[in-house]
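Kindly produce the complete structure, drawing on both the sequences and the hints.
Protein chains in written order, with our numbering: chain A, 1 to 155; chain B, 1 to 714.
Simulated from the structure, these hints should not be mistaken for lab results.
Fair warning: there could be bad hints in the mix.
[As the list claims (entries may be wrong)] With beta-carbon atoms standing in for the labels, derived distance ranges:
#, chain 1, residue 1, chain 2, residue 2, range
1, A, PRO115, B, ALA205, 22 to 28 Å
2, A, GLN59, B, ARG165, 55 to 61 Å
3, A, ASP123, B, GLY595, 19 to 25 Å
[Claimed, not checked] Here are a few chain A residues that face chain B, going by a calculated C-beta distance under 7 Å:
#, residue
4, ASP27
5, GLY33
6, GLY39
7, ALA40
8, CYS43
9, ILE73
10, THR78
11, ARG80
12, ASP92
Beta carbons: idealized from backbone N, C-alpha and C, even for Gly.
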Amino acid sequence: MAAINVNGKALETDAAPDTPLLWVLRDHLGLTGTKFGCGAALCGACTVHIEGEPARSCQVALTDVGTRKITTIEGLSTNRSHVVQQAWLELDVPQCGYCQSGQLMSAAALLAQNPTPTDADIDTAMAGNICRCGTYGRIRKAVHRAAELLKKENA
Amino acid sequence: MNAEVQSLTHNTRRDFLKLGVLAGGGLVLGISLSGCSKPAALGAGGQPVAWLRIAGDNTITVLVDKSEMGQGVYTALTQLLAEELGVALEAIRVDAAPVGAVYTNNLLGAQITGGSTSVRDGWEKLRKAGAQARSMLIQAAATQWGVAPDTLKVDAGAVVNGRKRLSFGELAEAAAKLPVPTDVTLKPAKEFTLVGKPAKRIDTASKLDGSAIYGIDVKLPGMLHGAFAQCPILGGKLASFDATAAKAMPGVKDVVGTDNGVVVVADHYWQAQKALATVNVEWDAGANAALDNAAIRARLKKASSRTGRAARSDGNAAAALKSAAKVVRATYELPMLAHATLEPQCCTADVRADAADVYAPTQTQTIAQATAAAVVGLKPEQVNVHTTLLGGGFGRRLEVDFIAAAMVASKAVGKPVKVIWSREQDMTHDTYRPPAFDTVAAGFDAAGKLIAWKLDLTGPSITARMFPPVVATAIDPFAIEAATNYPYDVPNVAVNYNREEVGVDVGYWRSVSHALNCFVAESFMDELATTAGKDPYEFRAALLAKQPRFKRVLDEAANRAGWGKAPAGHHQGIALMEGYGTYMAQVVEISMKDGALTVHRITCAVDCGQMVNPNIVDQQVEGGILFGLTAALWGDITLERGQVQQRNFDTYRMLRLPEAPRIDVHLLESSEAPGGIGEPGTAVVGPALANAIFAATGKRLRSLPIAKQGITTA
Chain A
1 MAAINVNGKA LETDAAPDTP LLWVLRDHLG LTGTKFGCGA ALCGACTVHI
51 EGEPARSCQV ALTDVGTRKI TTIEGLSTNR SHVVQQAWLE LDVPQCGYCQ
101 SGQLMSAAAL LAQNPTPTDA DIDTAMAGNI CRCGTYGRIR KAVHRAAELL
151 KKENA
Chain B
1 MNAEVQSLTH NTRRDFLKLG VLAGGGLVLG ISLSGCSKPA ALGAGGQPVA
51 WLRIAGDNTI TVLVDKSEMG QGVYTALTQL LAEELGVALE AIRVDAAPVG
101 AVYTNNLLGA QITGGSTSVR DGWEKLRKAG AQARSMLIQA AATQWGVAPD
151 TLKVDAGAVV NGRKRLSFGE LAEAAAKLPV PTDVTLKPAK EFTLVGKPAK
201 RIDTASKLDG SAIYGIDVKL PGMLHGAFAQ CPILGGKLAS FDATAAKAMP
251 GVKDVVGTDN GVVVVADHYW QAQKALATVN VEWDAGANAA LDNAAIRARL
301 KKASSRTGRA ARSDGNAAAA LKSAAKVVRA TYELPMLAHA TLEPQCCTAD
351 VRADAADVYA PTQTQTIAQA TAAAVVGLKP EQVNVHTTLL GGGFGRRLEV
401 DFIAAAMVAS KAVGKPVKVI WSREQDMTHD TYRPPAFDTV AAGFDAAGKL
451 IAWKLDLTGP SITARMFPPV VATAIDPFAI EAATNYPYDV PNVAVNYNRE
501 EVGVDVGYWR SVSHALNCFV AESFMDELAT TAGKDPYEFR AALLAKQPRF
551 KRVLDEAANR AGWGKAPAGH HQGIALMEGY GTYMAQVVEI SMKDGALTVH
601 RITCAVDCGQ MVNPNIVDQQ VEGGILFGLT AALWGDITLE RGQVQQRNFD
651 TYRMLRLPEA PRIDVHLLES SEAPGGIGEP GTAVVGPALA NAIFAATGKR
701 LRSLPIAKQG ITTA
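Structural data, given as C-alpha cells:
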C-alpha cells in the first residue's frame with residue numbers, strides 16, 4: 001500500500017508504483033472527475049494540481065508523487081465556490097463538459113500564480129487543454145471574470 | 001432511413017415505463033403521445049409515455065429521449081415541456097430516457113440523436129406533453145376544490161385558485177389517474193415565457209465539480225476493467241492470440257477475443273492496459289492490407305468519370321454548358337476526417353444469463369440495444385440501455401462498435417466490465433468522414449449571365465452501410481446535402497451523385513455531407529464571381545432575389561462583418577448555406593504574412609427559425625465553427641498499408657485556445673419553424689476561409705486541409 005494525499009485527505013492505495021496518477025485517482029480512489037483523453041499529455045483533460053502546480057496526471061507515476069499534495073476537481077472547492085467555478089457557471093462555459101475539469105484546474109493554477117492575467121497569459125496557461133466542443137471564447141471570458149471575482153474576494 | 005429502422009424499433013419495442021408507484025412514493029405521470037405527426041412510428045399508438053415524473057415531494061423529473069453530448073438538449077427539450085407545464089427550469093431535474101419505441105425520433109425513425117433534429121422532433125411532442133400534464137393537474141385540482149377547471153391556472157409548480165394553491169406534487173397522484181387529454185391547445189409563440197429566452201443550461205453545475213457521469217465514469221459493484229486492441233488494419237479480424245504472459249500479470253482476470261480484437265480484463269484499467277501490450281496476436285488482415293490514400297484517390301477519380309445518378313435536374317445543364325459563351329470547370333477533393341471525441345469510445349456491460357445492462361455514451365439507443373443483444377445472444381428486450389452523458393458525439397456515437405467488446409468480456413467473466421479504448425485505438429478505428437472527389441462546371445451566356453451549374457459528386461456512402469435499404473432505390477440522402485438545395489437563380493442546374501466505395505467504413509461526421517458539398521459549391525461560386533469580375537458578396541446577392549432567407553443572412557453577415565471594409569492587410573471571404581432548416585452565412589477575416597495564415601475574426605449570421613434557447617444556439621454556432629475550422633486547417637486521416645497513420649493529438653491536430661479567433665454570432669429573429677443548429681456552423685466556415693485566402697493570395701484552394709496546401713498555420 002502506498003500513502004497518497006488527495007484533496008487534503010491522507011489516503012492509501014494498493015495501485016502498483018508505476019500506475020499513472022490519473023488511473024490511481026479514477027480507478028483506485030473513485031475520483032472520476034479527472035478525465036482520460038489522450039494518455040500522452042497532449043490534451044490536458046487529466047490536469048490536477050500537485051502542490052498547487054498544474055500537472056498532467058496521465059504522465060505522473062504514483063511512485064513519483066510521494067508525499068506531495070494532490071488537488072483534483074473534486075477538491076477545488078466545496079459547493080463549487082472557487083472563483084473559476086463561479087465564473088464558468090456565470091458564463092455557462094461547458095458544452096459536453098468532458099474537458100472542463102482540466103480547463104478549470106489549469107485556470108485555477110493560473111490565477112493562483114497570476115491574479116490578473118492578460119490574454120497572452122491566458123493563451124500560455126490554457127494552450128495545453130483541448131476543448132473539442134469549441135468553448136474557448138467563453139473560457140477566455142470566464143478566466144477574466146474569475147480574476148474580477150478574485151479581486152473582490154481579496155478586497 | 002425510416003423503413004429499416006422502424007422495423008428494428010418494432011422488434012425491440014417494450015413497455016418501459018408504466019404508470020405506477022415510484023420507489024420514492026410518488027407517481028409517474030403518463031402522457032399519451034397520440035396525435036404525433038407520424039403515430040405509426042410510435043408503435044402502439046396510444047401507449048403511455050412518461051416524459052415526466054412528478055413525485056409527492058414536488059420533485060419534477062423530465063425524461064429526455066435525446067442524448068446530451070454538449071449540444072444542450074437536456075436544457076432545450078426541458079424548456080419546451082416546462083413552458084407548457086408552468087414550472088421554472090431550475091425546478092426540474094433531468095434523467096436520460098430508457099429505450100422505447102415511444103421515444104422514436106420521428107425525423108429519423110429510431111431513437112437517435114443526430115442530424116440536428118432534436119428540437120425539430122421535440123418541438124411539438126414536449127410542449128404537448130407539458131400541456132397534457134398541466135391539464136391533468138388542473139383537472140385534479142378542480143375536482144378537489146369542486147370548481148370548473150377553466151377558473152384555475154398554474155403558477156410556478158402549483159395550481160392556483162385565488163389565494164389557494166395545490167402543488168403539483170400534491171396533485172400528482174390524483175392527476176395520474178385521469179385520462180390523458182388528446183386535445184390540448186398549445187401556447188402561441190407570443191405567450192412564451194421560457195421558449196426563445198436565453199436560459200442557462202441545467203447541466204452546467206455538474207460539469208464544474210467532477211460529478212457529471214460520462215460513459216467512462218460508470219461504476220458498478222464488482223466491476224472489472226477492460227483494455228482493447230483491434231486489428232491495426234481497417235476491416236481486419238482476429239485470427240488467434242496467445243495471452244499466456246498477460247494472464248500471469250497482476251490483476252488480470254481473463255483475456256477475451258472479439259470479432260476484430262482482444263480485450264484484457266483486469267481489476268484495474270492500468271493493469272489491463274499494461275497486460276494488453278504483452279498479448280501476441282495473429283491478425284487476419286482482410287482486404288485492406290495494401291490500401292493507402294493514393295489507391296483511394298485513384299478509385300474515386302476513376303469513378304468520377306462515370307455519369308452519376310441525378311439528384312437534381314432543372315432545365316438542361318449539359319446542353320446549357322455546350323451552348324455557353326464561357327465555361328468554368330474545377331475539381332475539388334476532400335480528405336477523410338476522424339471525429340476525435342475527447343472522451344474515447346467506452347462502454348460498460350453487465351451481462352447475465354437472461355438479461356443485460358449496458359451503460360453507454362450512445363447517440364442511438366435503439367441500435368445500441370439491438371447490437372448489444374445480438375453480440376451475446378439475448379433478445380433486445382432483455383437488454384436495458386442506460387445512456388450516460390457523452391464526452392462529445394459529433395456522429396461518432398451513432399456507431400455501435402464500442403459496445404461488443406464490453407458485452408463479450410462481461411459474458412466471459414460473469415461480472416460487469418468497463419472497456420475503455422486508448423486514444424490510439426479511438427483515432428485509428430473511427431468511421432471516418434467520407435473522402436470526396438467532385439467536379440463542378442458552370443456556364444455564362446454572352447451577356448455574362450450564369451446559365452448553367454453542374455455538380456458531380458463522387459464518394460462512398462455512409463448510409464449504404466448503416467441503413468442499406470435506404471440506398472437500395474434512392475441516392476444516399478446524407479451524401480447530397482448542401483448540393484441539391486443550391487439556392488442561386490440559375491435556369492439549368494444538375495447535381496449528380498456517384499457512389500464509390502473505398503474499402504474504409506465511413507461515418508456521419510458533424511454536418512455530414514454539408515461540410516463536403518458546401519465547400520465545393522461555395523468555393524466554386526467564388527471562382528465564378530472572379531470569372532464574372534464581380535465582388536463575391538454582390539455576385540451571390542444578385543442571384544438570391546427569390547431566396548429571402550438566404551439573402552437576409554448573407555446581407556446580415558456582410559453588414560456585421562464590415563464587408564469590403566477590412567483593415568489594411570486583412571482580407572475577407574464569404575459563404576452561405578441552408579442545412580437542417582437553418583440559414584447561415586459567414587464572413588472570415590484573415591491576414592497572410594510570409595505564407596503564414598492568421599484568422600482574425602469570424603462573423604456569422606443565423607436564421608434558424610424559432611429558437612428555443614439563444615444561449616445554446618450561440619454555443620452551438622461558436623463551437624460548430626471551431627470544429628469546422630479545425631478540420632479545414634489540419635484535418636486529414638491518411639492510410640498506409642491499411643492502417644491509419646494518425647494516432648493521437650500530436651498527429652491529428654486540434655485547435656487550441658490561443659488559435660481560436662474572435663467569433664461574432666448574430667441570431668436573427670424568425671417566426672419560421674425551428675431549424676437544427678448543432679451542425680451548420682461546421683460546414684460554412686471552410687469555404688468562407690478558403691475564399692478569404694483566395695482574396696489575400698490569389699491562390700484557390702480546391703482541397704483541404706489548408707496546412708497541406710503550402711500555407712503555414714502557425
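- Task: Sort out which numbered hints this structure fails and list those numbers smallest first.
- Result: Hint check: 10 fails alone, others pass.
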